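Asker: Take a look at the letters that make up each chain.
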Amino acid sequence: MTLSIGIALLLAIAMVVSAIMATRGRRSLGISILAAGLASLLASVMFLLLGAPDVAMTEAAIGSGLTTFLFFFVLGRVRRGEHD
Amino acid sequence: MIKRFTLILLLAGLGAIFAGLMLDYVPDSELNRTADYYAKNTAADLGAANIVTAIIVTYRGLDTLGEVTVLFLTAAIVGLVLARDRHDQSQPDRELPPTGELLATGTRLLLPLILLFGAYVFSHGHLTPGGGFQGGAILASGMLLMLLSHPLRRFGHRTIAIVESIAGLAFVFIGVLGIALAGGFLDNRILPTGTLGELFSAGAIPVIYSFVGLKVGAEFSSMLLNLSETEEL
Amino acid sequence: MAMIAMATGFVLILIGLFGALSNRNILRMIVAFAVANTGVNLVLVAVGYMDGRTAPILNEAVPVAEATTRIIDPVPQALVLTAIVIGVGVTALMLAYAYKLFKTKGTLDISQYTDLKW
Numbered sequence: 001m002t003l004s005i006g007i008a009l010l011l012a013i014a015m016v017v018s019a020i021m022a023t024r025g026r027r028s029l030g031i032s033i034l035a036a037g038l039a040s041l042l043a044s045v046m047f048l049l050l051g052a053p054d055v056a057m058t059e060a061a062i063g064s065g066l067t068t069f070l071f072f073f074v075l076g077r078v079r080r081g082e083h084d
Numbered sequence: 001m002i003k004r005f006t007l008i009l010l011l012a013g014l015g016a017i018f019a020g021l022m023l024d025y026v027p028d029s030e031l032n033r034t035a036d037y038y039a040k041n042t043a044a045d046l047g048a049a050n051i052v053t054a055i056i057v058t059y060r061g062l063d064t065l066g067e068v069t070v071l072f073l074t075a076a077i078v079g080l081v082l083a084r085d086r087h088d089q090s091q092p093d094r095e096l097p098p099t100g101e102l103l104a105t106g107t108r109l110l111l112p113l114i115l116l117f118g119a120y121v122f123s124h125g126h127l128t129p130g131g132g133f134q135g136g137a138i139l140a141s142g143m144l145l146m147l148l149s150h151p152l153r154r155f156g157h158r159t160i161a162i163v164e165s166i167a168g169l170a171f172v173f174i175g176v177l178g179i180a181l182a183g184g185f186l187d188n189r190i191l192p193t194g195t196l197g198e199l200f201s202a203g204a205i206p207v208i209y210s211f212v213g214l215k216v217g218a219e220f221s222s223m224l225l226n227l228s229e230t231e232e233l
Numbered sequence: 001m002a003m004i005a006m007a008t009g010f011v012l013i014l015i016g017l018f019g020a021l022s023n024r025n026i027l028r029m030i031v032a033f034a035v036a037n038t039g040v041n042l043v044l045v046a047v048g049y050m051d052g053r054t055a056p057i058l059n060e061a062v063p064v065a066e067a068t069t070r071i072i073d074p075v076p077q078a079l080v081l082t083a084i085v086i087g088v089g090v091t092a093l094m095l096a097y098a099y100k101l102f103k104t105k106g107t108l109d110i111s112q113y114t115d116l117k118w
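Chains A, B and C, in that order, are what the protein sequence lines are. Residue numbers for the first sequence follow our numbering, so the first one is 1 and each next one is one higher. Residue numbers for the second sequence follow our numbering, so the first one is 1 and each next one is one higher. Residue numbers for the third sequence follow our numbering, so the first one is 1 and each next one is one higher.
Just chain A, same shape as in the assembly:
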């Protein structure tokens, strides 16, 4: 029980950090997109801990995998317009 709570705390910290990296980073847009995907992937581990394997699978396949690729396809197209 304490072990799973420890894992959950660790996951929570990692998720918050990657969410901040995704939204506030002065880094390139690519890193922001990857950080958002990472937050989503960590969320899927959290869903597993919360006893929702169905949701975990959906989040890992759809929320973390496909969304990241959709972003990258668009990012590749607008590369020249990116200035910040």
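Bear in mind the hints are in silico, worked out from the structure with no lab data behind them. All of these numbers come straight from a predicted model, not from anything done at the bench. Accuracy of the hints is not assured; some may be wrong.
[Said to hold, decoys possible] Straight line, CA to CA, 25 Å or less: simulated DMTMM-like cross-link-like pairs of lysine to aspartate or glutamate:
(1) B:K3 <-> C:D109
(2) C:K100 <-> C:D115
(3) B:K40 <-> C:E66
(4) C:K105 <-> C:D115
(5) B:K3 <-> C:D115
(6) B:K40 <-> B:E30
(7) B:K40 <-> B:D24
(8) B:K40 <-> B:D28
(9) C:K105 <-> B:E198
(10) C:K103 <-> C:D115
(11) B:K40 <-> C:E60
(12) B:K40 <-> B:E198
(13) C:K103 <-> B:E229
(14) C:K100 <-> B:E229
(15) B:K40 <-> C:D51
[To be verified] Computed footprint of chain B on chain C, listed as stretches where at least three residues anywhere in the stretch have a Cβ under 8 Å from a Cβ of chain B:
(16) 10–22
(17) 33–41
(18) 73–81
(19) 85–97
[Stated by the list, open to error] Under 7 Å between C-beta atoms, here's a sample of chain C residues computed to sit facing chain B:
(20) A2
(21) M6
(22) V64
(23) A65
(24) T68
(25) K100
Glycine residues also receive a C-beta, built at the ideal position from the N, C-alpha and C atoms.
Take the given structure of chain A and dock chains B and C to it, following the hints.
Answerer: Coordinates of chains B and C only, in the frame set by chain A:
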């Protein structure tokens, strides 16, 4: 400056509301009435081992039909919005550097396995975690691998459209069959419910979820295809 | 456990909203919305969690007779599954429109889009 201040004020207010919600939250110690009904009666009514699947496909089957429709509309709108860009790429395709040997060989090796795994996930949705939506996403990721390894190949939008239409029609047809042969729209008892925990059990749930999986896979593939085929400026 | 997940979810919503409102690049705003979306899903699943129970799947470990005392509330999970799929649809739509905007103006900076300002 004033913008920043307003923003922080707004978020602080929202944070206070969230904190209030959290402090008042008391976790339930037993299931509420709806969940209790599902826990007690899913196995006897529908014969599905995975209760989440039973809720999605049968108890709230109409919601899933609506959800698949929303996805279809999204894919259609993405196609519509990006349609003209694809049209005026009449200039000959530029020579892209060839994709690496590793990627090409890996794709040939992995693609059948990925498709097989997708089919496994959506046909076992009533027994194990997984189902049509996850399986569809896995199918679409196989498509994505193909897109990455052959960037210049033109994929058949027609095939995807045909798969999607047939799967959608079959989904609705099975639903209507439920009205005719069993208790109501999308009732899964048009086929025998079988024994709990076997592949051929739970009536029409595996059939419906397979069609949902094909449809979702086709929709995600067409979204990916449309976004990747827009040529650069 | 549920409390940790719920707090994380709320924090993610706040971070996402802050990012969506404070960034000027449209793509960054969409990324922020995706983060907020994850947060909402986390909160919803956390509401359904109950201590000491397992996932709502019946098998040898969870026989049908004991199901009511052994499983987690399955309804929020079904809702979140729907929400994730719809979330991807919404993100794809936003991305398609962002690309279209970029095609017309050649920039993704939201402060350049002043057509509706008066």
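Asker: Can you verify the interface hint for V64 of chain C: is its Cβ closer than 7 Å to any Cβ in chain B?
Answerer: The hint holds - V64 of chain C has a Cβ within 7 Å of chain B, the shortest such distance being about 4 Å.
Asker: Going by Cβ atoms only, is M6 of chain C closer than 7 Å to chain B?
Answerer: holds (6 Å)
Asker: Given the hint that K40 of chain B pairs with D24 of chain B, test it: the Cα-Cα distance must not exceed 25 Å.
Answerer: violated (30 Å)
Asker: Closer than 8 Å Cβ to Cβ for three or more residues is the test here. Does the stretch 73–81 of chain C pass it with chain B?
Answerer: Holds, because 6 residues of the stretch 73–81 of chain C bring their Cβ atoms closer than 8 Å to Cβ atoms of chain B.
Asker: Would the pair K3 of chain B and D109 of chain C pass a check requiring their Cα atoms to be no farther apart than 25 Å?
Answerer: Holds: K3 of chain B and D109 of chain C sit about 17 Å apart, inside 25 Å.
Asker: Okay, the stretch 33–41 of chain C and chain B, do three or more residues pass the C-beta test at under 8 Å?
Answerer: With 0 residues close enough to chain B, the hint is violated.
Asker: For a C-alpha distance cap of 25 Å, please report whether K103 of chain C and D115 of chain C respect it.
Answerer: holds (16 Å)
Asker: Regarding the pair K100 of chain C and E229 of chain B, is the alpha-carbon distance no greater than 25 Å?
Answerer: Within the cut-off at roughly 14 Å; holds.
Asker: Can you verify the interface hint for T68 of chain C: is its Cβ closer than 7 Å to any Cβ in chain B?
Answerer: Status holds, d = 5 Å.
Asker: Does the CB of A65 of chain C sit less than 7 Å away from some CB of chain B?
Answerer: With a closest approach of 9 Å, the A65 of chain C hint is violated.
Asker: Given the hint that K40 of chain B pairs with D51 of chain C, does the C-alpha gap stay at or below 25 Å?
Answerer: Cα-Cα ~20 Å, so holds.
Asker: Within 25 Å, alpha carbon to alpha carbon, are K103 of chain C and E229 of chain B?
Answerer: The given pair, whose Cα atoms are some 15 Å apart, holds under the 25 Å limit.
The structure is inconsistent with the numbered hints 7, 9, 17, 23, although it conforms to all the rest.
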